[in-house]
Amino acid sequence: MATEATVLVQSNGHSFELPTLAFAGLPSTLCKGCGHNSITSYLIEACKAVGVNPYNTVKFSGIGCSSKTPAYFLQYSHGFNALHGRMPSVATGAALANRKLLSIGISGDGDTANIGMGQFKHACRRNLPLVYIVENNGCYGLTKGQFSATADLKAPLRRETGEQNTIPPFDLCLEAIMGGATFVARSFAGDKKQLLPLLKAALTHKGLSFLDIISPCVTFNDFSSSTKSWDWAKAHEEPLQEVGFVRRLPEIEVEQKAGETTNVQLHDGSWITLRALRHDELKVTDRKSATSLLMESNERGEFLTGLMYVAPDRPDFVTMQNMVETPLSRLPLEALRPSRETLQKIMETI
Amino acid sequence: MSVTFPSVETHPVSDGIATSPASVNDLAIRVGTVNGSGSQSANLVLLRALYAMGIPCSGKNVFPSNIEGLPTWFHIRASAKGYVGHRLDTPILVCMNEMTAKDDVRLLNPGSICIYRDDFAEDLRTIRNDVQFFPVPFAKLVEQAYPPDKADKAYRDKLRKVINMVYVGVVAYVTGIEIEAVEAGIRREFPGRKAKAAEINISAARTGYEWSKDHLPDNLPFRVERLDSTGNQILIEGNKAAALGALFGGTSVMTWYPITPSSSLAEYAEDFLKKHRTGPDGKATFAVVQAEDELAAIGMAIGAGWAGARALTATSGPGIGLMTEFVGLAYFAEIPVVIIDVQRMGPSTGLPTRTSQGDVLKMHLLGHGDCRHVVLIPGSVGECYSLTIEALDLAQQFQTPIFVATDLDMGMNLWLTDPFPYPEKPMERGKVLSAEDLERYGQFERYKDVDGDGVCRRTVPGTEHPLAAYFTRGTGHNEKSGYSERPEDWKKNLDRLARKLETARGVLPKPVIEGQVAATVGLIAYGSSHPAVVEARDILKDQGIATEYCRIRALPTSDEVTHFIERHQRVYVVEQNRDAQITALLRASLPGSITDRLRALTHYNGTPLAAENIVRPILGWEKSPSGPGWPTGNVEVDNPDKPHDAPDISPE
Ligand SMILES: Cc1ncc(C[n+]2csc(CCOP(=O)(O)OP(=O)(O)O)c2C)c(N)n1
Ligand code: SF4
Ligand SMILES: [Mg+2]
Numbered sequence: 483m484a485t486e487a488t489v490l491v492q493s494n495g496h497s498f499e500l501p502t503l504a505f506a507g508l509p510s511t512l513c514k515g516c517g518h519n520s521i522t523s524y525l526i527e528a529c530k531a532v533g534v535n536p537y538n539t540v541k542f543s544g545i546g547c548s549s550k551t552p553a554y555f556l557q558y559s560h561g562f563n564a565l566h567g568r569m570p571s572v573a574t575g576a577a578l579a580n581r582k583l584l585s586i587g588i589s590g591d592g593d594t595a596n597i598g599m600g601q602f603k604h605a606c607r608r609n610l611p612l613v614y615i616v617e618n619n620g621c622y623g624l625t626k627g628q629f630s631a632t633a634d635l636k637a638p639l640r641r642e643t644g645e646q647n648t649i650p651p652f653d654l655c656l657e658a659i660m661g662g663a664t665f666v667a668r669s670f671a672g673d674k675k676q677l678l679p680l681l682k683a684a685l686t687h688k689g690l691s692f693l694d695i696i697s698p699c700v701t702f703n704d705f706s707s708s709t710k711s712w713d714w715a716k717a718h719e720e721p722l723q724e725v726g727f728v729r730r731l732p733e734i735e736v737e738q739k740a741g742e743t744t745n746v747q748l749h750d751g752s753w754i755t756l757r758a759l760r761h762d763e764l765k766v767t768d769r770k771s772a773t774s775l776l777m778e779s780n781e782r783g784e785f786l787t788g789l790m791y792v793a794p795d796r797p798d799f800v801t802m803q804n805m806v807e808t809p810l811s812r813l814p815l816e817a818l819r820p821s822r823e824t825l826q827k828i829m830e831t832i
Numbered sequence: 086m087s088v089t090f091p092s093v094e095t096h097p098v099s100d101g102i103a104t105s106p107a108s109v110n111d112l113a114i115r116v117g118t119v120n121g122s123g124s125q126s127a128n129l130v131l132l133r134a135l136y137a138m139g140i141p142c143s144g145k146n147v148f149p150s151n152i153e154g155l156p157t158w159f160h161i162r163a164s165a166k167g168y169v170g171h172r173l174d175t176p177i178l179v180c181m182n183e184m185t186a187k188d189d190v191r192l193l194n195p196g197s198i199c200i201y202r203d204d205f206a207e208d209l210r211t212i213r214n215d216v217q218f219f220p221v222p223f224a225k226l227v228e229q230a231y232p233p234d235k236a237d238k239a240y241r242d243k244l245r246k247v248i249n250m251v252y253v254g255v256v257a258y259v260t261g262i263e264i265e266a267v268e269a270g271i272r273r274e275f276p277g278r279k280a281k282a283a284e285i286n287i288s289a290a291r292t293g294y295e296w297s298k299d300h301l302p303d304n305l306p307f308r309v310e311r312l313d314s315t316g317n318q319i320l321i322e323g324n325k326a327a328a329l330g331a332l333f334g335g336t337s338v339m340t341w342y343p344i345t346p347s348s349s350l351a352e353y354a355e356d357f358l359k360k361h362r363t364g365p366d367g368k369a370t371f372a373v374v375q376a377e378d379e380l381a382a383i384g385m386a387i388g389a390g391w392a393g394a395r396a397l398t399a400t401s402g403p404g405i406g407l408m409t410e411f412v413g414l415a416y417f418a419e420i421p422v423v424i425i426d427v428q429r430m431g432p433s434t435g436l437p438t439r440t441s442q443g444d445v446l447k448m449h450l451l452g453h454g455d456c457r458h459v460v461l462i463p464g465s466v467g468e469c470y471s472l473t474i475e476a477l478d479l480a481q482q483f484q485t486p487i488f489v490a491t492d493l494d495m496g497m498n499l500w501l502t503d504p505f506p507y508p509e510k511p512m513e514r515g516k517v518l519s520a521e522d523l524e525r526y527g528q529f530e531r532y533k534d535v536d537g538d539g540v541c542r543r544t545v546p547g548t549e550h551p552l553a554a555y556f557t558r559g560t561g562h563n564e565k566s567g568y569s570e571r572p573e574d575w576k577k578n579l580d581r582l583a584r585k586l587e588t589a590r591g592v593l594p595k596p597v598i599e600g601q602v603a604a605t606v607g608l609i610a611y612g613s614s615h616p617a618v619v620e621a622r623d624i625l626k627d628q629g630i631a632t633e634y635c636r637i638r639a640l641p642t643s644d645e646v647t648h649f650i651e652r653h654q655r656v657y658v659v660e661q662n663r664d665a666q667i668t669a670l671l672r673a674s675l676p677g678s679i680t681d682r683l684r685a686l687t688h689y690n691g692t693p694l695a696a697e698n699i700v701r702p703i704l705g706w707e708k709s710p711s712g713p714g715w716p717t718g719n720v721e722v723d724n725p726d727k728p729h730d731a732p733d734i735s736p737e
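Top line first, the protein sequences correspond to chains A and B.
For the record, in the first sequence the residue sitting at position 327 is 809 according to the working numbering, with numbers rising by one throughout.
For the record, in the second sequence the residue sitting at position 381 is 466 according to the working numbering, with numbers rising by one throughout.
FYI, nobody ran anything at the bench for these hints, they're computed from the structure.
Just so you know, not all the hints are guaranteed correct.
[Stated by the list, open to error] Simulated crosslink set (SDA-like; lysine to any residue; CA at most 25 Å straight-line):
(1) B/LYS368 x A/GLU807
(2) A/LYS582 x B/GLY364
(3) B/LYS359 x A/GLU830
(4) B/LYS368 x A/LYS626
(5) B/LYS565 x A/GLU823
(6) A/LYS688 x B/GLY559
(7) A/LYS827 x B/GLY431
(8) A/LYS626 x B/GLY435
(9) B/LYS510 x A/GLU823
(10) B/LYS368 x A/PRO794
(11) A/LYS827 x B/GLY559
(12) A/LYS827 x B/PRO365
(13) A/LYS688 x B/LYS510
(14) B/LYS510 x A/SER821
(15) B/LYS565 x A/THR502
(16) B/LYS359 x A/THR709
(17) A/LYS514 x B/GLY561
A quick note: this is a predicted structure, and the numbers were derived from the prediction, not measured.
Work out the full structure: start from the sequences and follow the hints.
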């Protein structure tokens, strides 16, 4: 029986218990009050709730304050703090080497929308099985507050009276949908009620799950007019739907509510339940519907959050490789070297 | 030496400086054509015919960086002595491309033969009077062999290709290549469903042959005769050989981004993997990704190597530039990965289709800060195969990037070689701990030098044990892989990495040393310079200069290289780069007094290295060691070109 200090973990058909500390990490060295810390704690909670197996989970990141956070969760999981903007390629290689791994990638808005835009979009295009989280604070926290490519037009630099940004931002959810990601959501580091079910669903989705999470930088971008500040986001957040997540458990019969609720079944049988709050015109499995809603709401200056788009059926990149069931990293070395006769035959044909 | 021959076009033949003596089985042919005109098949047929006659041969394609329309040359060499290096003097020239014909003719040595299209606007015979010219009515002959076919819309296009087979017939007659061997070569080039094409091409070759019989002399000086020297040898490009190395070295993840001259390596490897590493159920024991750029290619390979795969990527100079930051990360975080650099001429986009050894030092030191990497340097296609296998093992053994440095000359040209042996050494997995190991040891620190060789233990993701996980980072770390800025931790780690490289240095492929230990003169070379050096040493020996030869096969160099330099008064280092990169590296690492013995012979105009490029400066140095004319060691300065108006072609 799972007690307070243990978590029941599911792994390839069997389950076992692990101490809760398996899901914890080192103490954070980020600023107190940084949005990234809240995301870390909800991510731990989501992992425990879904019962991910830390031994089979890998954490990736680029470079930035946000990219430091993989040290602060899942200490029983291997982690790889890669290069600035290059997290997706490293995650791609690891996923190919071991198809059984669950991959979580943490990035920043600078790491993804500036230096890493190419790798980000190519990961989306490939539908890499990866939970791709951008902790979006509209600035470069680590290098002391410069604008990133998600900084709003006219956003002031570092303080209320700072110089204004003259270039409009990228909307990373739009970029992800256009790129080919199959799970795209936006949320806010302060909205546990919405963020937690989204994280759980993202962990369960097979394919690229992209989460753009507004995460205030209390040191460089947390004045009241900043759209990436605690106050602004709390005051302006407009959840699209009420998001629920129902984990697949054999004993639970998922009950589909009719009417205003949309249910989306994920690959492993779990369900996301969405109750539209506003914009009930959004068809969450329709790319066109999702992109036009995002574009329209951007024009209106709204701050929409929730699940924008999901396509649970498109095969992911690793599945498409048609590899043997055993992870390549675990194949006996003999399986990797063709026979003496094969070499001889090849030599004869050259 | 004078050359005399009967001639249909009687021109005076100048005396004295001819370097193409009348010969048997010492042939060099240069064919100038237009890129995309299908001459590749014709040249391969000639090569196959020579091979079938048992004569050691090699072929080089000197081609432009575009797809169609620009000049391209193919060099064919046959040599009873087994010389396969490039030759500067080609006694037989075939001109199918008027654009370059005049320049090519100017480059000929007196006494050479020039076969050319008789429909050129300008008659080549006006240029020189010390060369034998054979104008051939190619256009007429090809139509004779392959009459117009109104039903076939592609006839004109095909004709343009078939015409090349006419010169195959002419060359065969002129040099004594057996027409039967040519036919067999054509059948091989157009197998199975292409049988109809084979017949057309055979007819073209025969037409050229028969015409020559009636119109050309039958006792020309450059001839081949049957030998028995090719045995069961194979003709193969270095890229294909390295691809086989990737297959038999157990590559499980290969990533790449297209770039000349490495693309064909990746493409061959992908084909081999698909064919030989896919199970009956269609399931693969590998993954190949054509990445979005070289940054992603190396990132993926590193991610895969980190997670336990045998990962490999192939690229060329511009890609190496992009991989810099990632290679530094893999060095510092200690991640196995193999990078093959098929070098082309830089800097910058440079000469994308010309050869060079310009990246060797860069590979050795790639990355910011103090980085140093193992570089394996194959000197033959056989070594392209065996050293790629070796690299995959070394990467696992030392948990670090391993470079394989080949080049365009080696990678894209055909070389004769013995069939490759099956690797007898079991594959190396390196110090990877399993869950059971962790249970037994009761502790694990990723960067602790438990064994004293600088090589630490590692775990891979998916290992079900509470001790298995660690956090991989490019930032400063302590033995536990925790973040650390402590000066002691930093220095200790960097010193251990140096120690690890020193351990690796002891097991890297040793240099191949041959020749006379007592010789005053030593020669050092590496990579594709090898064939030219072999030939150069024979020529030098004939001139009374005995040499000992050390072929470096790995960086960092082993003690044998130092000892080699210590036992010679003068050591010439042959390099296909301007800055004498390996000489510089040796100078930096050798004891001071012996560095004076090193003299660099550099060659960097984009053409493959020829024996002559080595012989001339060494002869100069050794025979007249002082006074005016003292060679500079720079091949271009010491071997002034013959007048040559290069056509103004800028493909990029
Ligand atoms: C190649 C390279 N260029 C620049 C940097 C410096 N750098 C480190 S973090 C960073 C920006 C991080 O911003 P973001 O991804 O938004 O993370 P945040 O700190 O805001 O969470 C930059 C530019 C680097 N590490 N590497
Ligand atoms: S600087 Fe900003 S982003 Fe970085 S830790 Fe502090 S609050 Fe967070
Ligand atoms: Mg940021």
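Tested hints:
1. B/LYS368 x A/GLU807: holds, 8 Å
2. A/LYS582 x B/GLY364: holds, 20 Å
3. B/LYS359 x A/GLU830: holds, 19 Å
4. B/LYS368 x A/LYS626: violated, 49 Å
5. B/LYS565 x A/GLU823: violated, 46 Å
6. A/LYS688 x B/GLY559: Cα-Cα ~29 Å, so violated.
7. A/LYS827 x B/GLY431: violated, 38 Å
8. A/LYS626 x B/GLY435: Violated, because 39 Å separates the two Cα atoms, which is more than 25 Å.
9. B/LYS510 x A/GLU823: With Cα atoms ~17 Å apart, B/LYS510 and A/GLU823 stay inside 25 Å; holds.
10. B/LYS368 x A/PRO794: Answer holds: B/LYS368 to A/PRO794 is near 24 Å, not above 25 Å.
11. A/LYS827 x B/GLY559: Violated: A/LYS827 and B/GLY559 sit about 44 Å apart, past 25 Å.
12. A/LYS827 x B/PRO365: holds, 18 Å
13. A/LYS688 x B/LYS510: The hint is violated at about 40 Å.
14. B/LYS510 x A/SER821: holds, 14 Å
15. B/LYS565 x A/THR502: holds, 22 Å
16. B/LYS359 x A/THR709: The hint is violated at about 51 Å.
17. A/LYS514 x B/GLY561: Given that 25 Å is the threshold and the Cα spacing comes to 24 Å, the pair holds.
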